[in-house]
Structure formats: C-alpha cells, structure tokens
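Join the two chains, each given in its own frame, into one complex according to the hints.
Letter by letter, the chains look like this.
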Amino acid sequence: MIEISNCTKIYSSHDGSNQVEALDSINLSVKEKEFVALLGPSGCGKTTLLKIVGGLIPWDKGSVTIKGKQVTGPGSDRAVVFQNFALMPWADIKTNIAFGLELQGKSKAEREARAIQLIEAVGLKGFEDRYPRHLSGGMQQRVGLARALAVNPETLLMDEPFGALDAQTRRLMQEDLLRLHEQEPKTVIFVTHGMDEAVRMADRVVLMTARPGRVKEIIEVPFGRPRPKDFDKDPAFIELIDYLWDVLKTMQVLDGTTENETFSKES
Amino acid sequence: MGLQTATSKLTSEQIDNRWKWALRIAFYLVLIGLWEWFGRTHGGLLFAPFSETFVAWLKLISSAEIYKALWISNQAMLLGFGASVIAGIPLGLLLGRLQVMERFSDVYLNILIVTPMAALIPLIIVGIGIGVLSRVLVVFLFAFPIITVNTRAGLKNLDPTLIEMARSFGASEVQLWRKILLPGATPAMMAGIRLGLGRSLSGMVVVELLLVAVGLGALILNAMGFFQPARAYAVIIVIIIEVMIVMGIAGRVEKRLVSWKPRL
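Protein sequence lines, in the order shown, are assigned to chains A and B.
Here the first sequence is numbered in our numbering, starting from 1 and rising by one per residue.
Here the second sequence is numbered in our numbering, starting from 1 and rising by one per residue.
Just chain B, same shape as in the assembly (with noise of 0.2 Å):
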C-alpha cells in the first residue's frame, strides 16, 4: 500500500530512469558475472576472472610505475596530437578554399584516412628508429588525415551564399575569414579534432605495443610475457578509462564551442 502512494507521486519520467539505472546495473553485473565465470573455468596463463583483474588494478593505480607509464606515453601523444593538429587544421582549410588543389590531394588523404597506419609502423621503425620521434610520427600518422580531411569539409559544406552575402557587403579575404570562413567551419574542424584525438590515443598504445616497448604498451607487453593476465587487463582498464575522461573532455568542449550547430 505504501509503495503503491509512492509510486503514483513519481512522474513517469521518473520511473523510466529509475528503469533505466536498474538495466544498465543489471547489464555490467551480467558481464561481469561472464567476465569472472569465464575467467575462472577457461584462464590460466592467459585470461583472468574479473576478481584478480580488480585486484590486480587497485595495485597498479596505487604504483608509481603506471603513472611513470602513463607520462611517457601521453609525451608522444600530445606531441604527435598537437602535431597533427597544427599541420592539419591549415592544411585543410587550404584545400577547403583552393578548389585546384583539392582534386589533386583528394585521392591521397583518402588513402591516408583508409590506410591502417600500424601496417606503417615497422617502415618508420627502420627509417627513424625506435625513440620519441618515432612513437610522435606514428600519433602524428593516425590523427593527422582524418584532422584535414574534415577541417576541408568544413568549408566546403560551407554555405556558398555565406560567402556570396559577405562580399556584397564588401568583406576583404581576411574579413572573409574571420567572419565567415573560420566560424563556419568550427563544427567541422573540433569534429575532426576529437576524432584525431581519439585516433592519437590508438596510436600511442598500438606503437608501443607493436614496436617500442616502453610506457603503457611495454607494462602490457611485460605483463603478459610473465603470465600475468590480470596485470596486463588492469593496465587496459587504466588505458580505457583515461580515453573515457580525454574523449569525455573533448566533447565537452566541443559543445560548448558549437552550440549553434547539431554534432557531427
């Protein structure tokens, strides 16, 4: 009878979030259940239950040695973002306003944004070397076409009227730009930036574990080679959720910089 009242003073908003809660809870605990189920019956050497992976990782986060791991992969991800960004940004708004230039580069960056660039990664290894500026080149690779590509659609999808209404008012190129041009082409160019940077934290993992073993990738690399799963996953998690908070962030300021305009 009491819970009857109760209920019928939520509103039905109300009660659908509640519902919500209760499946996503169900949900994680399913796979979790799976997780440790799976890991006790099928693990060994290679797998690890739920349970040692939790413990595995409250030790790690408690080390130095991750937060040693995390600085030295996320120097080369920063270096190789911010990179790919400053070349990227330009690059695309060139071709975006030159339309000669683009029917020539068209075919190469989209090869560039198709190509798996950890096909690349042995190539930059023997030419450059296995050091920062090998690991900076590979986040460089990752972010760097899909940063231009859509920085160019930014302004092509521009409305040309835009363009045509600014010149009857006798707006100069610079003017163009500032006005016109740039802002427009924001919601396309922080899409492109966010992609590139999830792009960028691929990166920084899957050269150091594919190559360079140091940082994130070399604690993985060690962790598995001692057949210590539950170490190797801890690290993963520690990965993962670090790309939740970047992305999180990202998106963020995403929004907040292009309320006018629907993510892309």
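Chain A with its partners taken away, still in its complex shape (with noise of 0.2 Å):
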C-alpha cells in the first residue's frame, strides 16, 4: 500500500554549503494493515521518514506513494501520534481527542459521539472534562492516541508514541496498542529506540543506519497475529532482540558518536 522508492532526503545549511543526506535511497514497501517498525540509532532518519509519509517534509528525489498516488501533504488517511503528545493545554480531553474531525469541519454532536466512543475504546472513561495537566503522561499519549483514531485512518504514524513514559506505562501501552491493533488492524509506522519494542510490536523491523539515513535490514518477526501467549518467554523472541542489538552495535562503534546513544534491551 505504502511505497517508498529511493527516497532521499538533503538538508542542507543557509548558503547551501553544508549538505546532510538525511535519507539516501530508502526502499521500503509497506503492506495494507502491516505493522512496520523503523529501528535505528538517532540520525538515521527514522523520524524524517515517517513525516515524509506524513506529508509533512518534502523529500528530493524518489518517490512516495500510497495506493499508487503520490503523497504531496498531509491527509485524512493518515494520523500522526506524537513523542511528546502535542496537546492543546487550553483545550478539555473531548476537544483534544475531536481536534481532527472539528478541522474536518463535523459537527459537535458527530465530534462529542466520536469522541466518548475513542475515550472508553483507550481508557479514559470518567475524564472528558479534565485537562492535559491533571493527565500522566501515560493517560496524555492514550489522549493523543485516541485523536489520531478518531479520524479513522488507514495509517497510523507513530514517532516514538511511548518513549517520553517510564518503563512500567510503555509496557502497559505496548498492551494496550496491541490489542487495539488485534481488533482493529491498521497499517502502522512505529518510529522506536527499543528493540524489544520493536519485536514485541511489529510484524517487520526495518534497521536503519545513520549518516546517511539508509536502510541496513528488514527482519521478519516470526510472532503471528494475535501474538501468542508468553511469545516474550520464547527464545526466538529473545534471540531476534540480540540479533538486533549486535548490529546496532556495530552502527554505534562504526559511527563513534556514542555519548548520548543508550540503548536499553528492555524498552
């Protein structure tokens, strides 16, 4: 469904002297309701890639199709979910979860419908009228999640959804977004730092390199839909994790810019 053919990606500085290859050729074919995780260190163009598919960014050279159709900016089949959640302070939990569909233009009673619907659905029952300050961290990502589901995409973009959460709530919505993927599948960019997330989530693990932003492998995860019980327990599961760690090893060592790069096998 999603076709990304040798995609590049050049920013380059003010008097254009200086030019960083952000994405060099990707290709990438992502399958209608496939769950895809783009792996790698920072740099290698993870997050760039995923706002192209957005229609965010604009890209140089190669194209980026989905459905057959160029992507020339943002659009209703597509959602974005957010690092840092990206909600509106000023705004209760039903306005931030209805934003989408009141630029769509809906009406309030279709909007408030949809969105007591998407607040049962993630588990927010009992705080429509808060505000994303009463909210942890935790209950402000599932608020971001529930906007980006309220407009029905065909795609979910995810930039590291959970990666601004302590251990224990990412585990809890790594769940979560798994079962709500089992019911509902979409077809889903998981932008993440963690390997094991990765594994647990996806159905394939594309590794990417940094400097420039190339794809280096894409890993089948062997784990079927529903994923079994203890799949996590299994040593396959255990062995794709390190296999993944080995090379993104390699990519740290090679690239010897390590200082801020901590890659934690449990994420």
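Worth flagging that the hints you see were computed from the coordinates, not collected in a lab.
Just so it is clear, the structure is predicted and the values come from calculations on it, not from any experiment.
Here are the simulated lysine-lysine pairs, DSS-like style, with alpha carbons at most 25 Å apart:
hint : chain 1 : residue 1 : chain 2 : residue 2
1    : A       : Lys33     : A       : Lys216
2    : A       : Lys31     : A       : Lys69
3    : A       : Lys186    : A       : Lys67
4    : B       : Lys179    : A       : Lys108
5    : A       : Lys69     : A       : Lys33
6    : A       : Lys106    : B       : Lys179
Shown next, in the form of structure tokens:
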C-alpha cells in the first residue's frame, strides 16, 4: 500500500555549503494493515521518513506513494501520534480528541459521540472534562492515540509514541496498542529506539543506519497475530532482540558517536 | 483560661491568617506614623504629614475638579492604550509568525522597550504641540513596545509540535491561527496587555507632569506651585487608587481568560 522508492532527503545550510543527507535512496514497501517498526540510532532518519510519509516534509529524490498516489501533503488517510503528545493545554480531553474531526468540519454532535466512543476505547472514561495538565504521561498519550484514531485513518504514523513514558507505563501502552491493533488492524509505521519494543509490536522491523540514513536490513518478526501467550518468553524473541542489538552496536562503534546513545534491551 | 480554649479551637491556618493581618496593620501604622512624624518635623512648603494629606484627600474627592481631571487624563490614557493594543497585537503576531521580519525588527523593538519614553516627550511636543494628540501619542509609545514584544514571544514560545500536529490533521493557515496560534499565544498577549496598561497609566501622568499641564498632572503641579503639598499628595493618592483598581481588574480578567497557564 505504501511504496517508498529511492527516497532521498537532503538538508542544506543557509548558504548551501553544508549538505546533510538525512535519507539516502530508501526503498520500503508497506503492505496494507502491516505493522512496521523503524528502528535505528539517532540521526538515521527514521522520524524524517515518518514525516515524509505523513506529508509533513517534502523529499528531494525518488517517490513516495500511497495506494499508487504520490504523497503531496497530510491527508485524512493518515494520522500521527507524537512523542511529546502534542495536546492543546487550553482544551479539555474531549476537545483534544475531537480536534481532527473539528478541522474536518464535522458537527458538534458527531464529534462528541466519536470522542466519547474513543475515550472508552483507550480507557480514559471519567476524564472527559479534564485538562491535559491533570493527566499523567501515559494518559496524555492515550489522548494522543485517541485523537489519531478519531479520524479513522488507514495508516497510523507513530513517532516514538512511548519514548517519553516510564518503563511500566510504556509496557502497559504496548500491550494496549497490540490489543487495539488486533481488534482493528491498521497500517502502522512505528518509530522506536527500543529493540524490545520493535519485536514486541511489529510484523517487520526495518533497521536503519545513520549518516546517511539508509535501510540496513529488514527482519521479519516470526510471531503471528494475535500474539500467542508468553511469546516474549520464547527463545526466538530473545534471539531476535540480541541479533538486533548486535547490528545496532556495530553501527554505534563505526559511527564513533556514542555519547548520548544508550540502547536498552528492555524498552 | 477562656482564651486558651478559644485558641485551641482555631486551626493553625486561621492563626496564621490572623498574624498576617496583624502584621499588615502594624506595618501600615508604622508607615503612617513615620509619615506623620517626618511631615511635622521636616515638613513645610513641600512636604505634608499624613493627617493633612488625609484631610486634603477627603476634600478632594468631594470636589468636582478631581473627577474632571480624571476624565481629561484618562481620555488620553484610554485612547493611547487602545491604539497600542490595536497596533501592538497584530504586529506582534506578524513578527512572531514571520521569521524574516523578526531579525530585522528585533533590535528596534528592544531599544523601544528600554528607552525612557519620557525623554521623547519634548520632541513630541515640539513636533505635534500640546493637545490631546500628543498626550495620546506618549501613552501609545509607553505601552506599544511591550505589548508587541510580549505577543511576539507568546507565538515564538508556542510548542512547535502543536503546529506540526495541527498540520498533520490537515489544518489550513486560518485554522492554525484560530485553533492553535491565537489560543496558545493568549497568555502572553494578556500579560503584555496588562503590562501595557500599567505603562499607559504611567505615561498618562508623566506627560502631564512634564509638559502638558492638564488633568491630574495639572492638579499636582498647581498644588505644588501654590505650596499646598497636602493637596498634591492627595491627588497622587487618587492616582494610586485608580492604578490599583484598574490593574486589579486587569489581573482578574487575565486570570479568568488564561486559567490553563500560570501568570507570566
């Protein structure tokens, strides 16, 4: 459904002298309702790629199509979930969730109904009239997720959605997202730093390298859907994580930039 | 014994409050006492003790001339303040949104904020003369820079992810303004307006004291000129009361509109 072909993105400084190739000839095919994780070190372009698919930033070479049509900008077929939640602090939860619908011009009644529906779906019942500042990080991200789901997109673009959460909340959110995906599967592109998270959530893991951003390897995750019980105790699970870590480790060393990079196996 | 039981029935918060009030009253009494003493010992032609000031104030507020003066002075204040809001907010929003213009205007705006506007008053008088317009202009110049800068800051400090989020859901530029930029910049705008109001009140009095002797400024100058310091201070007290009332209302309005953010 999503075809990324030879996609290249170059960032240049004001006078054009300094050019950074954020993405170099990315080739990736995402099937309908497939859950794909983009995994890689900082600077590998995974968020850039996500935003390109979302129509938020342009690219320089190659093509990016969804169902055969070029991406020209954001659209109602795609919705983004942001790492820092991006909730409007001056609006209550219901209004935040209905934001996308409001932009589309949907009636108040419709927005209200849909918001209530989603509040239940993400487990926020009782908090409709609260404001983001009253909510914990995990709850705020539930709002972010509900907002994305409210517009009924075909594709969910998630930019390290659980990166700002503590380990326990993150784990909870991962399980909730898995459950939601099982109930109503969508095409998902999920950017993450965590190998554990990628293997837990995705059908395929796209390993990317940095400087320039390239696809290093694409690995199939052998567990089907719905995830079998205790699939994360399966030796294959651990082997896969170890394999991913081995590859990522070499990227770090070769790169020589390990100052801020910490890869945790549990994330 | 009775007092002891009474005290034990009070909460510690109530006791704290009572101490606060007692201290406050004591503080004011000390101030008034000092004022009275200083006025009686070092007073004379240019300084009046509290008691005389208080009497003069009572006389003042029961006369018509103070209200006429208030009206004259505040006319210029309202016009100048109104103009500074009408000009300052859109300009601030424009500067906040357009990066290019900002680099150019930054220096000038910062200079305007820091410049003591009172120094420009003679220039204005020479250029425009002494009339309502020059007073309005002075008030405008006092208030306009801070309103603009605060509004601009409100936009600049908006979380850029919010803008990206709105774009991702398909917001047009108009929708972006209505749903994200304006609501998000409102706290800073309100703070700027409040600060601008304070400066307007300053400007209102300063221009009258320095060069265009009408309204409240005229009353003060007149009183000092006739060596009636008590009357002059009485006028100043009236001004202080006005400022307290106006700023108090402004603060409350601001709080209601921006309950979602702490006051800047």
